[in-house]
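Combine the two chains into a complex, taking the hints into account.
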Amino acid sequence: VTAGFTRVGTDIRRSFRQDERRLLQDLCRDLLAMLGADEDPVLGRLLPDAYPDDPEASAEYSGYTRARLARTKAEPAEAMLVDLGTSPGGVRLDPEHVTLWLRGLTDLRLAISERIAASEREGIPEPVLADVSDWLGWLLSDLLEVLDE
Amino acid sequence: MADALEELGTREQLRLGSAWVLIVWDDPVNLMTYVTWVFRSYFGYPKPEAERLMLLVHNEGSAVVATGTREEMERHVEAMHGYGLLATLQRTES
Numbered sequence: 001v002t003a004g005f006t007r008v009g010t011d012i013r014r015s016f017r018q019d020e021r022r023l024l025q026d027l028c029r030d031l032l033a034m035l036g037a038d039e040d041p042v043l044g045r046l047l048p049d050a051y052p053d054d055p056e057a058s059a060e061y062s063g064y065t066r067a068r069l070a071r072t073k074a075e076p077a078e079a080m081l082v083d084l085g086t087s088p089g090g091v092r093l094d095p096e097h098v099t100l101w102l103r104g105l106t107d108l109r110l111a112i113s114e115r116i117a118a119s120e121r122e123g124i125p126e127p128v129l130a131d132v133s134d135w136l137g138w139l140l141s142d143l144l145e146v147l148d149e
Numbered sequence: 001m002a003d004a005l006e007e008l009g010t011r012e013q014l015r016l017g018s019a020w021v022l023i024v025w026d027d028p029v030n031l032m033t034y035v036t037w038v039f040r041s042y043f044g045y046p047k048p049e050a051e052r053l054m055l056l057v058h059n060e061g062s063a064v065v066a067t068g069t070r071e072e073m074e075r076h077v078e079a080m081h082g083y084g085l086l087a088t089l090q091r092t093e094s
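Line order of the protein sequences matches chains A and B. Start counting the first sequence at 1; every next residue gets the next number (this note's numbering). Start counting the second sequence at 1; every next residue gets the next number (this note's numbering).
Excised from the complex, chain B in its bound form (with noise of 0.2 Å):
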């Protein structure tokens, strides 16, 4: 019994632990290959995939580009906001 709470507890902390989004917004300033090349420097994504996110932030307006921790998310966002890209950080809705 012990055992199985410690391990719901584990899986609770470890569901929860992933639970956060990077979301990169479209904003009209930012030339649409720098911030390809902010996801693929900063990400290490290959250039398709980097292209793909782009695309998708410039034509939605906004792109989840990481998903993880809280921890994680916040030093995402800093890093974006460190090359000029609008940001931010939250919980997924599940």
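The shape of chain A in the complex, shown without the other chains (with noise of 0.2 Å):
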């Protein structure tokens, strides 16, 4: 049985299965790779326009901000990967790595949601990534719950 998030302390704890372990880190790994990728469909969402009014501005802005925040945006992934991977039974997170989480389990279910509508509009179904999608975001929803307590 696998519990949900619990607090002990100000750390909060959960336990994975090793296939829910091993997912995480796919989709963790699957991250960032798209945010090292000069071009990906994801890119878009994960990256967004700061100034979409405003083209040249938004290239402006883009220059001097997008490295830095594809820098940002891996953070919460490999502290994921690293939490992951140093205690297979389970992560204890400190309030730092409990704000990474929250981020990370964001850009997931954002990745995978532009992945969902990408096959969508080829007419392609994806029963497995909205079912992997909906498990991130009772994660995601578990541990905002479990904070704020």
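No lab work stands behind these hints, which were simulated from the structure alone. Note that the structure is a prediction, hence the values are computed from the model and not measured. One or more of the hints may lead you astray.
[Claimed, not checked] Computed spacing ranges between beta-carbons, pair by pair: (1) A:Ser-87 to B:Arg-91: 43 to 53 Å; (2) A:Val-82 to B:Ser-41: 17 to 27 Å; (3) A:Asp-26 to B:Arg-75: 32 to 42 Å; (4) B:Gly-44 to A:Gln-18: 33 to 43 Å; (5) A:Val-8 to B:Arg-91: 44 to 54 Å; (6) B:Gly-44 to A:Tyr-64: 20 to 30 Å; (7) A:Ile-124 to B:Arg-70: 36 to 46 Å; (8) A:Arg-92 to B:Arg-52: 32 to 42 Å; (9) A:Arg-13 to B:Thr-33: 17 to 27 Å; (10) A:Asp-53 to B:Glu-72: 17 to 27 Å.
For glycine and all other residues, C-beta sits at the position ideal for the given N, C-alpha and C.
Written out as structure tokens, the structure reads:
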């Protein structure tokens, strides 16, 4: 039986089954690969436009923020990989890592929803990805609830 | 006269200096509780204010979440994107 996130003092703990852990690790690695790519359909959502109505300002802004933002967005996935890799039985997150997991789970969901949308545009259903997205949403919701207690 | 012009210039700068807004947009993926958490943890808003803004985004499609100089709003936009929220900035219509 896999329990949800539980609070342990200032930390939050959760155990993962091996298949759950591997899935999260794969998703994090995929996200890091996307962030490292020059072009990916998902990047439009992960690194969005700050000035959608002003192409000139938009180009200037992304010119000096894009690389930094891509690094910022890699941090949560990297932290999740470290947390999942160092304690296979379960993770124990201090407040800083709780924040990284909240951001990371969110970015994983954003990336997956873009993938699902892209497939749907071609008429391809993605039931497995939709289930994964639901599970990530459930994890995120649970973590937020425990944090708010 | 020079002083008056200088003062006018300063006033103009102040006016222009605060004439930008940060807009957060609704999106179908982000959880309402997550958006509330972002507003609390990044802006330091109390929970009721964070929830009010989140509901404004959710119900109206977007909300002005901060106002200030262009530089400040660009910093906030970058932070919001870091959290995965859809955010833009624009000059206020006055």
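message: Taking the earlier hints as the rules, which of them does this structure contradict?
response: none
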